[in-house]
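Order-wise, the sequence lines are chains A and B. Residues in the first sequence are numbered from 1 upward in steps of one, following the working numbering. Residues in the second sequence are numbered from 1 upward in steps of one, following the working numbering.
By construction, these hints were calculated from the structure, which means they are not laboratory data. Hints may contain errors.
[To be verified] Computed Cβ-Cβ distance ranges for the label pairs, DEER-style:
1. Gly373(B) - Leu249(A): 14 to 20 Å
2. Asp286(B) - Lys429(A): 36 to 42 Å
3. Pro272(A) - Pro375(B): 36 to 42 Å
4. Arg361(B) - Thr443(A): 49 to 55 Å
These numbers were taken from a predicted model, which means no experiment stands behind them. Each residue gets a CB set at the ideal place from its N, CA and C atoms; glycine is no exception.
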Amino acid sequence: MATQPSAGLPLEGVRVLAQGIVWAGPFGSMILADLGAEVIEIESIQHLNPTRTFYRHISELLREGNTGAGLANRDTSEGFWNRYTFFNYAKRAHKSVTLDLHSERGHELFLELVRHSDAFIENNAEGVVASLGIDWPTLSAVNPQLIMIRFPGFGLSGPYRDFKGFGAAMEALAGHTLIRGYRGSDPSQTPPTYHADPNAGAHMAFALQTALYQRERTGEGRLVELSQSEAVMHHVSHAWMDHELNGRLQEHWGNRHPSMAPYGIFPTAEEPGLEHDLLPYVALAVPSDRAWAALCEAMGEPELASDERYADVVSRYRNQDELEPRIEEWTRQHTARELMLLLQEAGVPAAMVNRQTLMHGDPQLQARGFFEPITHPEAGTHLYPGPLARFSEQPLSPVRAPAPTLGQHNHELLCDLLGLSEAEYQRLKADAVIGTVYTEDAT
Amino acid sequence: MSTESSAAPPAESGPLEGLRVLDLSQGITGPYATKLFADYGAEVTKIEHPGRGDVSRRFGPFPGDEPHRERSGMFLELNTGKRSVTLNLKTASGRAILLRLAEQADLAVESFRPGTLERLRLGDPALREANPALSLVRISNFGQDGPYRDFAADDMLAYAMGGVLSITLMEGREPVKLGIYAPLFLAGGVVAAYAFGALTGGRRSGHGERADISLMEVLAGSMDRGGTNLLSTQYTGALGHGIHSIGSVALPSGVYPCKDGYFHINASIRWWDRLCRLLGRPELIDDPRYTERLDDPTLAPEIDALFLPWALSKTKREAMLEAQAHGLGATAIYTMEDLSSDPHVRGRGYFQSIEHPAAGRLEYFGPPFTLHGTPVQLRRAPLLGEHTVEVLSGLGYSREQIVQLRQRNIV
Numbered sequence: 001m002a003t004q005p006s007a008g009l010p011l012e013g014v015r016v017l018a019q020g021i022v023w024a025g026p027f028g029s030m031i032l033a034d035l036g037a038e039v040i041e042i043e044s045i046q047h048l049n050p051t052r053t054f055y056r057h058i059s060e061l062l063r064e065g066n067t068g069a070g071l072a073n074r075d076t077s078e079g080f081w082n083r084y085t086f087f088n089y090a091k092r093a094h095k096s097v098t099l100d101l102h103s104e105r106g107h108e109l110f111l112e113l114v115r116h117s118d119a120f121i122e123n124n125a126e127g128v129v130a131s132l133g134i135d136w137p138t139l140s141a142v143n144p145q146l147i148m149i150r151f152p153g154f155g156l157s158g159p160y161r162d163f164k165g166f167g168a169a170m171e172a173l174a175g176h177t178l179i180r181g182y183r184g185s186d187p188s189q190t191p192p193t194y195h196a197d198p199n200a201g202a203h204m205a206f207a208l209q210t211a212l213y214q215r216e217r218t219g220e221g222r223l224v225e226l227s228q229s230e231a232v233m234h235h236v237s238h239a240w241m242d243h244e245l246n247g248r249l250q251e252h253w254g255n256r257h258p259s260m261a262p263y264g265i266f267p268t269a270e271e272p273g274l275e276h277d278l279l280p281y282v283a284l285a286v287p288s289d290r291a292w293a294a295l296c297e298a299m300g301e302p303e304l305a306s307d308e309r310y311a312d313v314v315s316r317y318r319n320q321d322e323l324e325p326r327i328e329e330w331t332r333q334h335t336a337r338e339l340m341l342l343l344q345e346a347g348v349p350a351a352m353v354n355r356q357t358l359m360h361g362d363p364q365l366q367a368r369g370f371f372e373p374i375t376h377p378e379a380g381t382h383l384y385p386g387p388l389a390r391f392s393e394q395p396l397s398p399v400r401a402p403a404p405t406l407g408q409h410n411h412e413l414l415c416d417l418l419g420l421s422e423a424e425y426q427r428l429k430a431d432a433v434i435g436t437v438y439t440e441d442a443t
Numbered sequence: 001m002s003t004e005s006s007a008a009p010p011a012e013s014g015p016l017e018g019l020r021v022l023d024l025s026q027g028i029t030g031p032y033a034t035k036l037f038a039d040y041g042a043e044v045t046k047i048e049h050p051g052r053g054d055v056s057r058r059f060g061p062f063p064g065d066e067p068h069r070e071r072s073g074m075f076l077e078l079n080t081g082k083r084s085v086t087l088n089l090k091t092a093s094g095r096a097i098l099l100r101l102a103e104q105a106d107l108a109v110e111s112f113r114p115g116t117l118e119r120l121r122l123g124d125p126a127l128r129e130a131n132p133a134l135s136l137v138r139i140s141n142f143g144q145d146g147p148y149r150d151f152a153a154d155d156m157l158a159y160a161m162g163g164v165l166s167i168t169l170m171e172g173r174e175p176v177k178l179g180i181y182a183p184l185f186l187a188g189g190v191v192a193a194y195a196f197g198a199l200t201g202g203r204r205s206g207h208g209e210r211a212d213i214s215l216m217e218v219l220a221g222s223m224d225r226g227g228t229n230l231l232s233t234q235y236t237g238a239l240g241h242g243i244h245s246i247g248s249v250a251l252p253s254g255v256y257p258c259k260d261g262y263f264h265i266n267a268s269i270r271w272w273d274r275l276c277r278l279l280g281r282p283e284l285i286d287d288p289r290y291t292e293r294l295d296d297p298t299l300a301p302e303i304d305a306l307f308l309p310w311a312l313s314k315t316k317r318e319a320m321l322e323a324q325a326h327g328l329g330a331t332a333i334y335t336m337e338d339l340s341s342d343p344h345v346r347g348r349g350y351f352q353s354i355e356h357p358a359a360g361r362l363e364y365f366g367p368p369f370t371l372h373g374t375p376v377q378l379r380r381a382p383l384l385g386e387h388t389v390e391v392l393s394g395l396g397y398s399r400e401q402i403v404q405l406r407q408r409n410i411v
């Protein structure tokens, strides 16, 4: 068992085995690794880790498309799974071990790792761990102090427990898709979003710390269950409470707000040279009569502030259909950045719609050092978004290590930690129980 | 079946029993983070302004749309299991009481505008002196420093600045935000995870952590696939605009209409055979007219032409159940009514019914995760200042002193 640290990062000394896939799992284990946990990614060379790549062979179309297949330098040559954005962002400071869990020896070694670990986290489909012989009864017998967190999309029980789905599927069921989207458009025009995934990951990271705290007091391990779709339901609390309190079914709000007006996203002039970095829109909120007067002043129409059609929030709310084009006429004459700076100075909440390419040059993020350079042995040196909290006493930044390459820590974990001999290690390699390259028929 | 609970706080129970959190935050993000601590058994003491209380007491929704500080849906949801103490922090006595509470706490969470805590002389060194091991989490829109430090924002604005709004749009249209407050709930979960780390750091070292959390950064790195998209621009030069469904190119992906509403589906290229079987067209599984072009987006209209007639002949629940039975990730687009009556969610006992003296009995969303063997019973949100007397008595204040403080509007 890992030893108690005397100082260092908060989760230093906590060893976590992870099979957290796609985005929910990686986002959660990223937080754990940020906080100092030793997170070991359990992979195999026989099965593609979907966080590393969806396909063994990447088509030209994907490579040349506007995502560049997410690969560093769009390089699709062998080993591309070590150069993928998803994995290399979220799995920073993780370790990687490859074990063929379908082989007897691979299975045994996994149980050995479990014996030496504090937690195992996984968000595979419900039945996967049982079919691999690594379910809770098996693992808790091996290590009674183990914490196992299972966080599939729909939980471990109930008729939907085997359902598939990414984040957009969760928010559909949670009722979120229907209450957002463009005003006057049907839901087929509502763009998908995937906040259910990071939401599940963050809650998983909280759940693990909860179980660790409980274990500290009771000495007992625990099975923890998190349904991703249930965890994201809190995001629709406003609509849920309206239904509970008033029996009302909210329709999509578009960019409007239940109690502020004007409120929304208004088109602006393009900023020369930054067409690709900044969307020509400004987000605008008027939370008070004072902010309204300031907006009118900024628009050069101070008399509007006392116009009875817009004088208080109730009349502004009622008349926002006619008010919005008037604001738009003004916002179109300025760039989003000008509007943000001018309005914030005047006391009106306003924000430009940053495009993700611009973010690296954003003065606020730069001033706070949000991005940090990380050198990955196969992807090169790039600026990565850093930890999402800035700790002053035990800083989480700079990140301790880049994301691991496939099987990078096989030797360290199998020989140094579990005590395998060099001969045994070579045999595992020869038998393809471990490895650092996906097999040709990996699926 | 919903479980019943009407017990008033502060009945301590749950896995986090023994932890003490001092909650100076307001609104959505901070209170959601501290709600997690409270629901799982920590003692969370919420400091509210006398008379006014947490700003979310004004957010609604209210029964009958009549504003009432004890009946705001958002407050009720976000403050389950907490104690409420009213305290005017601008007075010397109020400040002294807060420092006494800080002596006993493991974690404090605040979401004032940057600089406020210092103006109240409640930053370091006062907090450090009161309790060296206490950790402090500071939540703000843009962080405690930097050129945007004093900018005002709300959920939509932080979402816009985080760069994520730029991918929530349909081609050729303006960006469209998420549901009311949704980004702040996500941020609350992220804050809770890092806050727990800060707390643990302070407990282990005896030296409290100071965590500065910017909503702009949280949303940039977490919302949708923000963090990976930011890296993608570095890795490939890709512009990252327009969100792409994972693994889907030509196969149905997104929201589709059906007989009684809509459903969402993501079909991966690898699942072409499943889609053909779902549509009752197994002869297409090996048809090269399709199989050779599944990664070609221009094939999408042809596949939609096969898919839409099927979709329109099904209800949203039929579409979900049949597609899932074929191994395809589809879910119905639910209303709150659908959600409330869903056999899976209800069958799992997710909703919890809580009686509240001012708002009555309502069903609440349950805890987001369960430690098997340690079930969580939600406890209702507090009335404004409900625990002031109890907490002050616990600190040794006499009845007379409490009356004096109340007369001076300090509590």
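For each hint, the structure was consulted:
At about 38 Å, the beta-carbon gap between Gly373(B) and Leu249(A) misses the expected band of 14 to 20 Å. The supplied range of 36 to 42 Å is met by Asp286(B) and Lys429(A), whose beta-carbon atoms lie about 38 Å from each other. Here the CB-CB span from Pro272(A) to Pro375(B) is close to 60 Å, at odds with the stated 36 to 42 Å. Checking the proposed 49 to 55 Å range against Arg361(B) and Thr443(A) shows it holds: the Cβ atoms sit about 51 Å from each other.
The structure is inconsistent with the numbered hints 1, 3, although it conforms to all the rest.
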